Structures are given as structure tokens and as C-alpha cells.
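Below, each chain spelled out in residue letters.
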Amino acid sequence: MEPPLRLVVANPLDRLARTLEALLVVATAPLSLEELCEATEEEKDRVETALGLLAERYGEGRSGIVLEQVAGGWAYRASRDAAEACARLFERPVQRGVSQAAMETLAIVAYLGPCTRPEIARIRGVAADSAVAGLVERGLIAEAGRGDGAGGAVRYRVTPLFERVFGLESLSQLPRLDDLGDDVDAIRERLHAVASQRSA
Amino acid sequence: MEPPLRLVVANPLDRLARTLEALLVVATAPLSLEELCEATEEEKDRVETALGLLAERYGEGRSGIVLEQVAGGWAYRASRDAAEACARLFERPVQRGVSQAAMETLAIVAYLGPCTRPEIARIRGVAADSAVAGLVERGLIAEAGRGDGAGGAVRYRVTPLFERVFGLESLSQLPRLDDLGDDVDAIRERLHAVASQRSA
Amino acid sequence: MIVRELELDLDAFEGPFDLLLTLVLKEELDLADVDVAGIVLGFVERLAEREELDLEACGEFLILVSALMELKARGLFPDEEAELAELEPEEAAEELARRLAEYRQMKEAAAWLRERLAGERDRFFRVGPAPLAPEPERRLAPQDPDGLASVLRLLAVAPPEVSLAHMTLHFPPVAQFLERFRALLRSRSMFDFDQEMEGLSRQEQAVAFLALLELRRANQITISQAAPFAPIRIGRTEETGASNERTPAWNLRSA
Chain A
1 MEPPLRLVVA
11 NPLDRLARTL
21 EALLVVATAP
31 LSLEELCEAT
41 EEEKDRVETA
51 LGLLAERYGE
61 GRSGIVLEQV
71 AGGWAYRASR
81 DAAEACARLF
91 ERPVQRGVSQ
101 AAMETLAIVA
111 YLGPCTRPEI
121 ARIRGVAADS
131 AVAGLVERGL
141 IAEAGRGDGA
151 GGAVRYRVTP
161 LFERVFGLES
171 LSQLPRLDDL
181 GDDVDAIRER
191 LHAVASQRSA
Chain B
1001 MEPPLRLVVA
1011 NPLDRLARTL
1021 EALLVVATAP
1031 LSLEELCEAT
1041 EEEKDRVETA
1051 LGLLAERYGE
1061 GRSGIVLEQV
1071 AGGWAYRASR
1081 DAAEACARLF
1091 ERPVQRGVSQ
1101 AAMETLAIVA
1111 YLGPCTRPEI
1121 ARIRGVAADS
1131 AVAGLVERGL
1141 IAEAGRGDGA
1151 GGAVRYRVTP
1161 LFERVFGLES
1171 LSQLPRLDDL
1181 GDDVDAIRER
1191 LHAVASQRSA
Chain C
2001 MIVRELELDL
2011 DAFEGPFDLL
2021 LTLVLKEELD
2031 LADVDVAGIV
2041 LGFVERLAER
2051 EELDLEACGE
2061 FLILVSALME
2071 LKARGLFPDE
2081 EAELAELEPE
2091 EAAEELARRL
2101 AEYRQMKEAA
2111 AWLRERLAGE
2121 RDRFFRVGPA
2131 PLAPEPERRL
2141 APQDPDGLAS
2151 VLRLLAVAPP
2161 EVSLAHMTLH
2171 FPPVAQFLER
2181 FRALLRSRSM
2191 FDFDQEMEGL
2201 SRQEQAVAFL
2211 ALLELRRANQ
2221 ITISQAAPFA
2231 PIRIGRTEET
2241 GASNERTPAW
2251 NLRSA
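Chains as they are written, first to last, in the numbering used here: chain A, 1 to 200; chain B, 1001 to 1200; chain C, 2001 to 2255.
Honestly, the hints are just simulated from the structure, not real lab data. Treat the hints with caution; some may be incorrect.
Chain C side only, calculated, beta carbon under 10 Å to chain B, not exhaustive [unchecked claim]:
{"id": "1", "residue": "E2108"}
{"id": "2", "residue": "V2127"}
{"id": "3", "residue": "G2128"}
Pairwise CB distance ranges (calculated) [stated by the list, open to error]:
{"id": "4", "chain 1": "B", "residue 1": "P1093", "chain 2": "C", "residue 2": "D2009", "range": "26 to 34 Å"}
{"id": "5", "chain 1": "C", "residue 1": "P2173", "chain 2": "B", "residue 2": "R1088", "range": "56 to 64 Å"}
{"id": "6", "chain 1": "C", "residue 1": "G2119", "chain 2": "B", "residue 2": "S1172", "range": "16 to 24 Å"}
Everything numeric in this text was worked out from a predicted model, so none of it was measured. Yeah, the Cβ is synthetic: ideal placement off N, Cα and C, and Gly gets one too.
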């Protein structure tokens, strides 16, 4: 806290500034002046004054947290001094693995070709929504139209990034699964049969 | 800023504290001591000391931003004073009522996890499928591999978000199981009384 | 109070008790999804609203709910049933106590969590990335394609074979007894329930009793008893014959 604010604890402007501080630390997008007024139930003038105080307190060179006015409104960012540390936090060259749920989903999509979330869920025996969403976000699978016309569920296929990560020049290089069936249809049938046994 | 930190600008502990401030304001999830040490390339002791300073500065009642120890790490949250304003703008992660079924399922996964849906159903005496799906959707529990490999059911564990939502530093803050269900002995006695009548 | 009209509000089912029974009997509702304790609570609450104890309703309720519970217990623990049946009463009591204790603890843990959640109502934090945070670069380690093949192989492995130990305790479908009783009443105007139950297992008797209640409800039989503990006599009604040709008559009525 800046000394002027701390000394006059009863100052309502200080309280307003604290509330703004709090709102900004919870937000996942910049907050507009209107939103801040609405949340604090205060007049624009007062909110602007309080923001001015905060901008000074959270100024570059004064604090690790910097308050910045951007196109959409107000938001915190990391100070430039901390850029290196932030880079280490966000660009950790940690080699990320693939979770069991993601691996199963990838295998199903890679071997059976474009398939929908319900089909993946059926084979895995659990809802596939979060696994699919995670893989889409990581660019390993992508949408590939809808199954059976307009009303059908979205189908997913693996991406070139998937091939790169798994060191495959094309999907035809996937390890063979002769032990599971002669072709994709046979494998699919087998997986469905086991899945229904599991849910029985 | 607290005056002691501001007056001695060259103090490297101040700089470290600022860097931590910055990391914490951009982090997506609570940052563990290890993560903070890695990102700042500092020793544990110094990071802990700096965190102590920050915890004081960002204490409840002192600032709109509060630094808390939660889910195995450190994270900012809004001060409780600002809850009303926050509620006007944001939803709490688990705002909508959690059903009794979901709460019991959550308790089972928190204490006995990772565990499978059949295991949860055995304890509750009711199928757990929809409760589990709802908790996965809310991000409170997540898949954690399959039990016993082949043909096994998917197992679930609670997530860091669970700890955050319930304000737990770690799962060890849950009440000890031994301290729960203290009327169990009475039930046991009654059952044994019935049994001895039947076998007589 | 009419037990069958008891309004239930459970996770898996909302409506009168009557409809719940029908759905369970027709196997359109899985008993595993039904919270029997919730039914008992609902009944007890209704009972408490009344000035005097309705003994008849209590009796009917006890019979219905215990039949439901037995069906459900056997459905939930098919594997262990044989083991449990062989246990000495003391051992069975201990096993039951262990399970009850476990559930009890979890219920209390759930209550603790609920209280905790209420206490954290005014704790707000950011869920998701900060607005001006750098984009995380999430590099993925190179993966082995054999990993894909092996998880798919695991998914193609049938789940462990279910123990057949419980087959000796198989539950016959209710329909089997519906048919059997109707057939009996086609040849005779009346039969003795206890006599028909001779040689049947306890679970068969339970199902038979449910079938009897169902037939009575559909007004296809009469049930009479000369005195308490006297043999239960089952008689024909006019509808017994009518429904012989069209078995689903009670389905239509109750659906």
C-alpha cells in the first residue's frame, strides 16, 4: 500500500481502490470502466480517481504487479523486470507427457479415423469431453466435419502436429494391430463389443 | 508497497519479492515453492522469506489482493471485503448448489481416491455415474488412469481446483477419517446384538 | 395414507412410489440408481406429518421397501453374495458394520465439505489465465507410436470375467411369476400362496411376492386370509381371464 492510503484508513476512496484491486485480480479479461462501476456501484469519476491511485501504486518500476490500461479496459500484467522469470515459468522446456485419457482418445482417433465424442466415450467407457477439448487445444486433433449430415456430432481427426509428435510420416506408419482384427471395421467392432461388456 | 521495502530499493530481497509478485499475478494456478524457485533461480530460503514479506503486505484487511497458501502452492485471491463486488461481476467456480450425491462422491474421491465409479457406487449404494460426470465437468475431479490396467475401470482423483474451491492448503487439511462417523460403534453393537439373537 | 401414492423426489426418480415400483418391475429403471434411504425418509416425513400412526400403511411400506432393498442389495453385490451368505451371523454383522461405517464416514465428510464450501462463499479467485499473461508454450515430448497401439490393445481386452458364484442365487424375472400365477388361476379358481412357494429360494419368494402385489394392483387377483398367519389364498377376478390373452394389460395401465 502507498503510505497516503494506509494512513487514512477510513478514506472511502481507499476502500474503493481495494475493491478495484480485488476485482482486477479475479478477472480473466481486462475490465472496462463500466464493468468496474457496475461491480462497485460507484460513479465513473470516483472509479477513475481510484484507478489513478492504483496505476501509480502498481506502476512499472514500483511493483512486480503493473496495472495497465489496454483496449478492453484495465488489467494487471507482470512488470518488465520480471520478464525473464515469467518466461521461465511459461516457456518451461519441460517435456510434457500425455495423460492416459489423452492417449486413449488419440489412439482411437488415429486408428479408427474421424470419430465423434460419443463414439470415443463409448469405447473408453467414460465421457470424452475434457480429453477431446484438451487435445484440440494442444493441436493434436482437429474437427473434421460432422458425422452423417447436418444434425450429426462433430467428428475429430488427428493433425500433422500429431504425426510430428509421434514421429510418423503418415498414419499408415502406425504400428499394426493385426491381433485385434483384419481392418479398421473389425477393430472398431471388437472395441465396441468389449465396451458393452464393460458397461454391463 | 510497505515502506521498509520501498526505502531500500537496492535490497535484492525486495527485487525478489517483486519478481514473485509478478509471477503470481500472471500464473494460471497456484505456484508451488519449487516452481517459484525454478522461475526466479533462487534458493528456497530466500524465496520463503520473500513470500513471508508478500503474505504480510497482501494480508486480508490490508489489501484488495490477498496472497494465500492453497492447493499446494501460493496464489492471489480477492479480499473477502470485496466479495459483494466480485459477486456482481463473476461467478464462483462452484456457485450452483452441489447435490448431496455429488458431495458424497466428492468426499469419497477426496479420501479414497484414486477410485473407480463402481467403487464409489459400492460405498454409496447408488450408481455414481451422473454425479461423477457432473464433478468432472466442474473440474473438481479428473481421470487418473485405469485400475489394474487391462479392462479396468477409469479411476478418478480430486483436482487442484477442488483444493482451491474448498480453500485447502492440501488434502491433509481434511478432517481425519477416524474423527468422522463416531456413532459407528453404536451401529456395530446393535448389529452384533441382532446377530447373536439370530445365531442363538 | 396410501403408500403407493407417496410422492418421491430422488436423484434418479421423481413421482409416486407406485410408478417407481412399476418401472423397477418392468426393468425400465435400474434399482442401482435408486436411493432407497430417500424413499424411507420420504415415507417417515409423511408419517410424521400425521397425528396418529397408520399401522396399515407402515406394514405395507415395510414389505415393499424391504423387497426393494433385497433386490437392490443383490444387484449391487452379486459377487459377494455367495460369500456373505456363507458367513456366520457375527461375521456378517461385522462385514455389514464395516460397510455402514465406511459410508457413514463419507456422509460426514460430505457434510464437512458442504459446510466448508459455505464458509468459502466470499472467497473469489481467478479461474483461468490472467488477461495479460504470456501465452504458455507447451512443448510436447516426442512420443512413441507404440504407446498408441498398446492403449488400444488394453481397450480391446475384455473386463475380468464376472464370478459365477452368484448364479446359484439368480433372480428370476418378475414376469415369470406373473405368468405362473395367471396360468394357475386359469386351471383353478383359487390357490394357496404358501403351498406354491414351497421349495423356492428366499429371493424367488421375494420376487413372487412382488408379482403378487402387481397382480393385485392390476385387479387381476384377490388376496384373502382367514386369520392372521393363516394361509394366504389367491383368487381369480374377472380380469384374470381377460388379461390372459394380452399380457401387457398392466403395462398399459401403469406406464
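Taking the numbered hints from earlier one at a time, note which ones the structure violates and give those numbers from smallest to largest. none
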